[in-house]
Amino acid sequence: MAAQMSDAHRRFLQVLMSHGIMEGAEARKLHRCCCEISKAYYAQDKLDDFVSTINNQLQPLFMQIRKGMSEVDGRTHYALVNMAETEITKMASDYAENELELFRKTMDLIILSENGFASSTDILNSADQLKTKKMKKKEAEQVLKIFVDDKWLSERNGEYTLHTRCIMEMEQYILSTYPDIAKKCNICHSLAIQSQACETCGTGMHLPCVGKYFKTQSRPRCPQCNDFWPYEIPDRSRIDSQSSSRRVSRRELQSL
Amino acid sequence: MRAERSGLREGDDEDFSVVPTQSPSQVQRNLESRSQEEINRKVTELVQFLLVKDQKKIPIKRVDILKKVIREYKDVYSEIVNRAGRTLQQVFGLQMVEIDTKHHIYILTSTLPRVEGENLKQDIQTAKLGLLIVILSFIFMKGNSAKDSAVWEFLRRLRVHPGEKHEVFGDVKKLVMEEFVRQKYLEITPIPLTDPPEFNFQWGPRAAKETSKKDILSFVAKMQKKEPSFWISQYNEAKANT
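Chains as they are written, first to last, in my numbering: chain A, 186 to 441; chain B, -19 to 222.
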């Protein structure tokens, strides 16, 4: 039941393209607005069908509107991603050589880290050792800010992780570039930058996925090796990523 | 084959400033020597190239299109550009508009009917556009041209100073004098024989394409809670412009 491409679809695509990524609720609102403006038939709750129509047209251009989940709050996001890229070529036209090198180094630090975050200190230190063209700390700070503004990185308390849009855009690239290090979530099987991992068998899960999976269990256990899950389970109604990776102490475990 | 191409000198393959002028039958013959797949691939590359440039509001030069995308497919340039244009229209509701016919520079504009109050981007870009609209309004109300001192004095009243770092816009002087000019929203030309140098502010070609005197006048009218017809000469000019 492929609907025809209409001005409503085109308007939606233009707006999504200028944002890069949009939260589910925003996208649904946009769907309604676009249909109203173009006086097109609005099928409520049929955003995914609406998006499919657009995707049929985007397919030959190696672009797609994809749905992804934020690792922080589990909310669905829609992003326009380029499928043809096998490396960071999407960014290539926007940034200088040494800026791209800084981004790759930042990505290395993030993916190699335990919690999916790289400290600004570590990133700024690596700016000093760039092979393409060295960058002073001041300049590197500016470049990091641009990466955040452009939604490639997210910043929290002076630490940087990959933005949801970046993860959605570069999932294939990351999985193929860091084959043994990049983790996949055991529940949803997507790339996991921030995750909780079992200390015994290394099975990892996204924080929101952990929240969903353990919702009804009083004594959380690893889905693979059945050992006690040693972390605080994120509360689904209030995902506070600040504390959700905190390991539960032995006493607290025993009192469960 | 080379002798058949008019407008292209022998050994001139690397001159990307020249597009060979060809008859339709020549284009047809060139097309037939390339596979559908090859042409499709080039069209896709060109569409992506145009979209990426336009997202940053960087005007696209034909020279760059030829050098970075078309390359050895120069002989079917017009076919590739036409098909890219059709794809942009069909999928995105966008079209290529030439804003500089001498140097062949293009921007992409939306072909969808413009809607009042439509917010394209809810963040720093919207704030920048807000500042731009204020400046464009000032220029229009001053008779389509204003001196830089007048513009900065006007912005000073809105607490935007060229010398100070603004909490939203950062380096305002750079934003106005460089970024807006590069994006072709403003045209800023030095006034000759002025010392210290003074500048003249006018609308740039992109501003003329993306908004209208009518829209700007109704913006001013709304801000001042008056009817657009209150400003007789601007009102007449805006009417004549549509």
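In case anyone wonders, no lab produced these hints; they're calculated from the structure. Do not rely on the hints blindly, as some may be mistaken.
Stated by the list, open to error - No farther apart than 25 Å at their CA atoms in a straight line, the calculated lysine-lysine pairs in the DSS-like style are these: (1) Lys224(A) - Lys214(A); (2) Lys189(B) - Lys322(A); (3) Lys323(A) - Lys153(B); (4) Lys33(B) - Lys322(A); (5) Lys400(A) - Lys368(A); (6) Lys369(A) - Lys400(A); (7) Lys154(B) - Lys323(A); (8) Lys336(A) - Lys189(B); (9) Lys154(B) - Lys330(A); (10) Lys108(B) - Lys336(A); (11) Lys330(A) - Lys194(B); (12) Lys108(B) - Lys54(B); (13) Lys36(B) - Lys336(A); (14) Lys321(A) - Lys154(B); (15) Lys36(B) - Lys330(A); (16) Lys189(B) - Lys330(A); (17) Lys330(A) - Lys153(B); (18) Lys336(A) - Lys33(B).
These figures come from a predicted structure and were not determined experimentally.
Quiz item: Which of the numbered hints are not met once you compare them with the structure shown?
Solution: 2, 4, 8, 11, 12, 16
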